Structure formats: structure tokens, C-alpha cells
Amino acid sequence: MTALAALIRRDIRIALRVGGGALIGVLFFLTVVVLMPFAVGPDLALLSRLGPAILWLGALLASLLTLDRLFMADHEDGSLDLITMSRTPLELACAAKALAHWLAAGLPLIVATPVLGLLLNLDMIATAAVALTLLAGTPALTFTGMIGAALAVTLHRGGLLMAVLVLPLSIPVLIFGVAASQAVIVGPMTFGAPFSILCALSLVSLVIGPFAAAASLRHGLD
Amino acid sequence: MTLIDLANPTRFLALTARVLPWLAAATIILLTIGLYQAALAPDDYQQGATVKIMFIHVPNAWLSMFVWGVMSIASLGTLVWRHPLADVAAKAAAPIGAAFTFLALLTGSLWGRPMWGTYWEWDARLTSVLILFLMYLGLMALWRAVDDPSRAARAAAVLTLVGAINLPIIKFSVDWWNTLHQPASVIRMGGSALDKSFLIPLLVMAVAFTLLFVTLHLAAMRNEILRRRVRSLQMMQASRMAFSSDMAAGSREDNASKEAGAA
Amino acid sequence: MTMSLGPYASFIVASYAAVALVIAILIGWVMLDYRSQTQRLRELEQRGITRRSGRSATELR
Amino acid sequence: MSGLNQGDMRLSGHGLRCVRGGREVFAGLDFAAGSGEAVAVVGRNGSGKTSLLRLIAGLLVPAAGTIALEGGHSELTLAEQCHYLGHRDALKPALSVAENLTFWADFLGGELFDAVESLAKVGLDHAIHLPAGFLSAGQRRRLSLARLLTVRRPVWLLDEPTNALDVAGQDMFAGLMREHLAGGGMIVAATHAPLGIESRELRIGGVA
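Going down the list, the sequences are from chains B, L, E and Z.
Per UniProt numbering, the first sequence starts with residue 1, numbered consecutively.
Per UniProt numbering, the second sequence starts with residue 1, numbered consecutively.
Per UniProt numbering, the third sequence starts with residue 1, numbered consecutively.
Per UniProt numbering, the fourth sequence starts with residue 1, numbered consecutively.
Chain B extracted, bound-state conformation:
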């Protein structure tokens, strides 16, 4: 346990120090959301209808685009070799790294959601619904995105390739995340059904993500 705690602590520390990218994700989120009205027009009624979709897209892109360095940095400086050799199972180490990333880069997105909800003319309940669905759904994004980050190490390519690989995998999360928040705002569905599916997706990705990432990393070593 101390080993995993140490890994989480280290990754969060690096993310928050100079040169770390934790807050750039939030800034990206903010920028994407601010761009939307320029494309669809400043009509507040329209914006409040599109609000959950815009917020979800922004959060999706922000959390995936910050992921591509998740394993790359450790691979480049040799840390990944030592992590692979250690007495901690690689699956757990991967899960710890993803958790650290979610804490440093995913949580701030959720904290920023109310402010952005204000810009998009969402009322209190709608904003709370979006924040709640993001809280339940972003772990799924991080843990599926982690697979792409591991593949990026294997293939020696990051950036866009990773996005192309991972974005299709995140479609279910997007569907049920937006559906659950829309259910609160306009109905006619209940909030419960899509939200529980969203939670289930998160739980499944918590299991699949680390195993797939570890398998990919093991084969990618050279």
C-alpha cells in the first residue's frame, strides 16, 4: 500500500509543480466551452439547451488530451523500467497512476463546472446534474484513456494517434453522461437509469483499464 501511495503522491506533486500540466487541462476546458457560443451564437435559451453537451465534450477532450504523457514521461526517463521490475503488480501501479492523474487533472474539471454552467445559462439543478455526471463519468474517461496512453508508449507515438484510438472508446460514456444530465433538464427519461449505467461504465473501466494498460506496457518494453 505504501508503494502505491508513494506513486500517487509523486505523480500529483509533479503535476502541480512548475512544468506540470495539471491546471492546463482546466484552462483547455474553459477555452473550449467559451469557444462554443461563438459558433452557435449567444442565444441563452439555445446555450442552456446545449449546455450539458458542450460541458461534456469539453471535459472529454480536456481529460483525454492531458493523458498522452501519462506513461510517456516515465518511459523516457527510465522510471517505467523500474516500475515494471518492482514488487508492485504493474496493473496496480497503472491504476495508481491513473488515479493520481484523475485527482490532479480530472477533479479540477468538475470544480470548474459550476462557473462554466453560469456562462452557458444553466440553472443550479442542471449544473449540479452535469457536475454529478462528470464526477461519475470522468474516472471512466481517465481509465479508458490510460489504455491509449499505454499504447502510445508501445508505438512511440503520442498526441493525435492516441486521441483517434481512444475517442471511439469513450462514446458510451458520452452518451450516458449527456443523457443523464439532459434527463434532469428536459426529461422525459428519469435521471436514475442513464446515471446508473454511467456508474457501471466507470466501474467496468476501473477493472479493464489497468489490465489492458499493463498488458500493453509489458509487450511494449524494449
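Facing chain L, a subset of chain Z residues (Cβ under 8 Å, in silico): (1) Ala127; (2) Leu130; (3) Gly133; (4) Phe134; (5) Leu135; (6) Gln139.
Pair ranges (Cβ atoms, derived): (7) Leu76/Z - Val111/B: 38 to 44 Å; (8) Leu21/E - Trp116/L: 21 to 27 Å; (9) Glu179/Z - Arg11/L: 50 to 56 Å; (10) Glu179/Z - Val19/L: 57 to 63 Å; (11) Gly34/Z - Leu167/B: 52 to 58 Å; (12) Leu167/B - Trp22/L: 56 to 62 Å; (13) Thr31/B - Ser239/L: 37 to 43 Å; (14) Glu76/B - Gln39/E: 30 to 36 Å; (15) Pro7/E - Arg11/L: 52 to 58 Å; (16) Thr31/B - Val158/L: 16 to 22 Å; (17) Ile175/B - Leu76/Z: 42 to 48 Å; (18) Ser196/B - Phe113/Z: 47 to 53 Å; (19) Val111/B - Trp22/L: 39 to 45 Å; (20) Trp116/L - Thr154/B: 49 to 55 Å.
Interface residues of chain B toward chain Z, partial, derived using beta-carbon atoms under 10 Å: (21) Ala5; (22) Arg17; (23) Met85.
What the hints contain is simulated information worked out from the structure, not anything from laboratory work.
Quantities reported herein were computed from a predicted structural model and do not represent experimental measurements.
Cβ coordinates follow ideal geometry from the N, Cα and C atoms, glycine included.
Based on these hints, arrange chains L, E and Z on the given structure of chain B.
For chains L, E and Z alone, kept in the frame of chain B given last:
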């Protein structure tokens, strides 16, 4: 005292230490006068008492642009004149400018709520300030992304100047976009027709906030110079260790273990 | 002295309070930063690391 | 050093064949090292010195052959009882010297030795709070060596360990290796330069 004299950081620090108390005192006095006058100002016949928000909103909005102007001049100083303090000035100004811009947005939104019924309206003026705020944050992210300040300085200077050129273009586009979608903005400040009873406190507050910025900026520049000294001393310490490492073990051991305990 | 701030008093008070708070944070940040930098310089000097000029790094006057 | 030695250990490989990117690097390689022995792997560039170390570390899978550690800890794999010191330092420039070292100590676990004393041994003890990014290449290597001292592992796999070290650093390092061997440890080092300690030579890839 010319600009050349200020090039020496040590002399700059000495000057700062002498000037800062006076600046702070002047800021406090002017702020007090401004706040007093703002409290006495009459209500607007249309907006009622909410017009009082103007006395802090407008100075913050003015500073949000003024600080970018200061940073642009400092960036010219970095790129063209290679003034050694220019990038210090640019770096120190960014977070302060971002804070004032944030306040302009916040007070604007609090002012807008009684007027529009919502906290946020994609009004041309507010939207432009929001974009300015994003650019401040981006600039701060750039400063933070690179460990070596002198390397970050060039990139930040280019970005600041590009921003300065782009800001009017952005403002124009946003205005155009806005009129495309809705009639002109809701708040109608009479411009120069503003009544004297509003204008004087507003001017006093604007000057007071500008002084506040100058005070904070000088203090932040001083911190930045000291931070760079810490950095260069640490680098010296690192390189000195290479020579002394063979004989060091004994004499410094108790010192080191004490530090590790603290960590 | 009492002012009548009308029906929107809370917005006026909130905006003044927000400005006061943010400026207080700025001042606090600047002062704490100054203290921590001078502190670190002093520690470095105690360890015998000095500047080339031989002058104290924290010396201001 | 007492805790290291659970009786005599023996690290050996038989009939090792290594294929990288479709190309056979070496085949039919045998090697062995007992407690207190060092093996210096020599050979020309590209002969597979690094590959051999990575095979032992479990970072590569041999195309044929076996590697075993007899007499080691029964519940741990070979890789978990190895230290691997590669070309890359596994250090984070944003973290301080102490943070880097204590992270690896906490993460790798097992039997630990005091981090500050290890730093003193490699001559980095008064850089404890400096960011690792400020260190020179030689100093970073010293910090990596401190990891070998802090976290106890019986097998050291060293890839060009003396790279970037100055003469004093090489002497210091030779002393550390001797200490490790005296405690019953084993060393497999890929090297061009002389190691500075008594070692058995393992030549791969023909005559240099």
C-alpha cells in the same frame, strides 16, 4: 533615475525598498477618498444604487487592459532592448493582471444580474474581457510550463505582443458577432455624458487602482528577482558540490540529517 | 452614516467584498512570497553559498 | 549488509538467445555468478550487452534459454530481487533530490537503508533539497547510485555505470561495489571502461 540605472537588479531592489512604503500610503489615501466619494454619489435614475458597482468595475476593467499594455512594453523590452528587468516585469504583471481581469468579470456579472436577470450575458464587452482573461491564464500557464525563466521569457514576450496586436481584432470580431445575433448591448453608460457626480469618484478610483497595481507590481518584481537569486544560488550550490563531494561527507553530515528530518 | 442601497444591496455588497477579498489575497501572496524568498536566501547564505559580488543577496539598501 | 545474504546465491543463464526486431543479437549464451562475484560483460557496440541486462531484469523475454537465481528469496521473482541501473536515470527534475530518493525507497520497498546516509556516501548529502533538475549528469548518476544503496537488492545490473562519473566518483563507486560484493551481493555490469574491481569477464558477440 533613468532606465539604464534600473538595469542593475540590486539598484532596482534598493529603489523599490525606498519607494514602496510611499506608494502603498498614496494608494490607501486615494482609495479611502475614492470609496468615500463613491458612497456619497447619488443613485442613477435608471439603475438605482447598483451604479455603485461601476466605481469598482470600471477601474478593474481599465486595469485589465492597462496591465496587458504594461506587459507588452515589457515584452518589447525583452525582445528589442534586452533590458534585464523586462522579463521580470512581464512575469510579475501576469498574475496581477489576471486577478484584476477576473474582478472585472465578476463585478460585471454581479452588475449584470439586476440589469439582465442573468449573471452572464454574451455581451460584446464582457465577452471580450473573458477572452482577455483566458489569454492571461494561458500566459501564466506558459510561464509555469518552463522551468528556466530566461527561456520562458522569449516565448511569453512573443505571445504577449501577438496578443496585444490581436486584442483589437478580437474585440472587433466579437462586436460584429454580437450585433449579428442581437441588438446592441444592454448597459448604456452615457460615455462622456456621464454626470460629474459619477465621473469624479470614478476617476479617483481609477487612479487609486492604478497605484495599487504599481505597488503590487513593484513588490512582485522584487519577489521575482529574489526568486531568481535563490535559483542561481541553488545552481551554484549544485555545481560546487561536485568539487567538495569527496571531503564533504564528514563535516556536513549532521547538518544534512537535520534537514532530512525536517523534510 | 447609512446608505440605502436599494433592492439589489446584496449584489453591491458582494461585488465590493469580492474585490476586497481578491486584493487581500494578492497582497497576502506578495508578502508571503517575499518572506519565503528572503528566508531561502538566508538559509543558502548560512550554508556558505554567496553571490559572486560577495554582497549579501538579501541586502536591499 | 547482513540482511542481504540468505546463504549462497547463484545467478545463472543457459542457452540464452536474444532476438530484437527480427535480428538475432546473440545465441547460446551461458553465464553464471555466485555470491560476492562480479561479471563484466564486454563486447563491441550492438553486441547485446544492454539486451542481456534487460533479459535478466525481465524487461525483455529471451527467445530461448533460461535465467535463474538459486538461493534467492523463494516468493520473489528474479526481477524483484534486481536493481537495474540503465542509461536513463529514472529521476524527475521537478522533484528534489530527497523526494526522488524517498519515492523509490517507498515504491520499491523491501529492506531499506537510511536515505540520508546513502546520499552522504555518494557525496550528495548537502543537495538534499535541490531540485534534481539542477544536478549535472554526474550528480544525477550519483543520485541513481544512492538508490542502489537505499533499497537493498542482491543483484545489481549495471549498464555503463561509470558513465559521466569523474575519477573521484569512479573510486567512490568501486568502493560501493566492493562493499556490495563483500555482503554477498552479485553484480552484472555491461561496460567499456574497466570497472575498478575484480571481475570475471564475459565476452559476447565475438572479438571486439
